[in-house]
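Novice: Each chain, written out:
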Amino acid sequence: MKVTDKDVAYVAELANLELTEEERAGMLRDLNSILEYIDRLNELDTSDVPPMAQVSDRYGVDVSKQGSARFAYASREDILEGLRKSLPHEEALANAPDADEDFFRVPKVIER
Amino acid sequence: MDLKSLTIDAARTAVQERKTTALALAEAHFARIKREDGQIGAFLTLSKERALEQADRIDRMAAEGKTLPPLGGVPVGIKDVMSTRGVRTTAGSKILENYIPPYDCTAVARMEAAGAVVLGKMNCDEFAMGSSNENSAYHPVRNPRDLSRVPGGSSGGSAAAVAADMAVVTLGSDTGGSIRQPASFCGVVGLMSTYGRVSRYGLIAFASSLDHIGPLAKTVKDAAIVLRTIAGRDPMDSTSADVPVPDYVAALDRPVRGMKLGVAKEYFGEGLDDEVTLAVETAIDKLKGLGCEIVPVSLPHTPYAIPTYYLIATAEASSNLARYDGVRYSRRARGVKTLSEMYRRSRDEGFGAEVKRRIMLGTYALSAGYYDAYYLKAQKVRTLLTQDFDEAFRKVDAIVTPTSPTAAFRLGEKSNDPLAMYLADIYTVTADLAGIPGISVPCGETKEKLPIGLQILGKHFDEATILRVAHAYEQA
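Chains as they are written, first to last, in my numbering: chain A, 5 to 116; chain B, 2 to 477.
In case anyone wonders, no lab produced these hints; they're calculated from the structure.
Incorrect hints may appear among the rest.
Claimed, not checked - Covered stretches of chain B (chain A as the covering partner; in silico rule of three or more C-beta atoms under 8 Å from a C-beta of chain A):
#, segment
1, 400 to 411
2, 462 to 472
Unchecked claim - When the alpha-carbon atoms are kept at most 35 Å apart in a straight line, the in silico DSBU-like pairs for lysine-lysine are as follows:
#, chain 1, residue 1, chain 2, residue 2
3, B, K460, A, K69
4, B, K396, A, K69
5, B, K95, B, K287
6, A, K112, B, K338
7, B, K381, A, K69
8, B, K67, A, K89
9, A, K69, B, K261
10, B, K95, A, K112
11, A, K10, B, K381
12, B, K415, A, K6
Here a beta-carbon is modelled for each residue, glycine too, at the ideal position from N, C-alpha and C.
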């Protein structure tokens with residue numbers, strides 16, 4: 005077993021999940037079974053392999069440049085009006101479970 | 002009107018020539034949905050008002066003798082992970098049960114600008130996480146070919162609606178196979194283009210480096226028309242590529258004679274159903290008969306694709322789904338006293354089992370002490386998987402494989418075994434990881450009359466070639 009009860013509780017806290025006792029037991033079983041399968045990646049020697057975070061640094065970019073300069077096409081000026089206006093207050097608040105005219109309302113934040 | 006044979010061109014031409022109206026087409030589809038969808042479950046929300054307004058606009062154009070745009074009057078469905086202004090968008094999750102987006106997804110806006118009539122939002126696995134559509138928080142979708150079986154996932158509603166003639170085409174999304182696998186299970190065409198080919202703006206994020214929007218259609222030509230409509234740079238998505246969009250439709254009829262098609266033994270190994278093997282081998286013979294040269298290629302890292310995928314996709318998902326906190330949108334638990342209790346209980350109540358499982362796995366893979374062993378390791382293997390394809394594509398123009406190792410399985414068959422479910426994506430996740438395009442076309446049936454899919458994978462930004470091969474196969 006790679007993952008323990010304690011790990012499940014810790015990771016749930018990191019993920020802002022609580023989980024019932026039953027869910028935690030299921031999670032322990034599933035995570036261990038999935039991670040056991042995932043362990044086959046260790047059969048590969050990747051010490052000299054660069055990590056790949058995305059595929060989009062290969063096409064449509066300026067290949068003569070490095071780093072963010074490659075993606076010059078993707079940047080644009082900040083525009084207040086034009087491409088997309090900011091949402092009006094009432095629209096931005098319309099999907100909130102709790103709000104007044106100006107703000108999202110949440111339970112008090114003083115104690116964790 | 003016979004909806005069965007209704008393609009994009011047939012629908013548009015009928016409206017243009019005033020043989021029918023966009024309104025009548027929309028009504029005919031709504032009537033069929035009412036009759037059929039009770040047992041299939043493909044739609045989550047109907048957008049009648051929006052559909053009828055658009056239909057009216059198209060009909061007025063036709064009446065004035067104006068040339069209709071390419072999708073003029075064509076009834077379509079949109080997977081419920083794409084934002085639609087004013088129309089409820091749930092991502093198949095209870096946590097977004099009442100979410101009404103204030104803006105449109107770029108792909109949806111482009112479909113409507115091209116004249117499409119949006120009938121409604123298609124059921125899917127919650128946050129597109131699943132391979133059977135059983136993870137929808139609302140109800141499962143059933144396969145129109147056999148109601149005891151799943152339609153595949155996560156774009157199960159999008160595939161089933163096309164298969165059951167409840168929409169001419171639909172948009173789905175593909176992160177690990179979610180367009181191609183359901184297309185294969187339901188006997189329709191499903192196209193995932195190159196990463197960055199289609200803007201993701203307004204697509205509810207699952208795994209940002211893997212998410213794609215694409216069509217499910219009755220024919221390859223229809224898939225090509227939709228891709229031509231939705232592809233291209235969008236300033237609202239910085240990952241949408243600045244690469245010109247060719248005319249995919251015009252390229253369809255170019256001959257495939259002399260084309261080199263790769264076949265990789267890694268896609269014909271353990272776990273592949275005998276009937277699927279036979280159907281795919283027969284399809285490959287047919288392509289050979291059309292003058293294609295079949296070339297053996299090797300994609301040696303294929304057995305590592307599923308573990309790589311489930312680390313990268315879940316890590317990205319755990320980050321993307323942190324936004325559902327019960328504050329700005331999304332449901333909030335009742336009776337909570339503190340902020341952290343509100344976060345935890347809202348998420349506990351709002352997310353389903355598979356979503357929680359993936360958030361947990363992804364959070365674990367990114368957590369201190371495990372990042373190098375899991376997430377970084379997976380990113381490195383992703384490089385190896387991509388290099389496999391680079392190498393193979395030096396020798397061939399496209400690669401042909403089965404889309405899924407089996408035909409549609411039964412509801413409940415894999416729902417208690419997450420790992421068994423993950424393996425349903427074994428032949429599709431590789432293309433998402435490498436960012437290359439792939440299409441699934443129907444290639445026969447099992448003895449039980451269940452559809453089988455042939456997958457054709459192509460080079461980055463070379464959708465034209467896979468569409469051409471798929472079209473040649475379909476027409477032969």
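Novice: If a hint holds in the structure, say so; if it doesn't, say that too.
Specialist: Okay, the hints, checked on the actual structure:
no., hint, in the structure
1, 400 to 411, "violated (count 0)"
2, 462 to 472, "violated (count 1)"
3, K460(B) - K69(A), "holds (23 Å)"
4, K396(B) - K69(A), "holds (29 Å)"
5, K95(B) - K287(B), "violated (46 Å)"
6, K112(A) - K338(B), "holds (8 Å)"
7, K381(B) - K69(A), "holds (23 Å)"
8, K67(B) - K89(A), "holds (32 Å)"
9, K69(A) - K261(B), "holds (34 Å)"
10, K95(B) - K112(A), "holds (25 Å)"
11, K10(A) - K381(B), "holds (29 Å)"
12, K415(B) - K6(A), "holds (24 Å)"
Comparing the model with each earlier hint shows violations of hints 1, 2 and 5; every other hint is respected.
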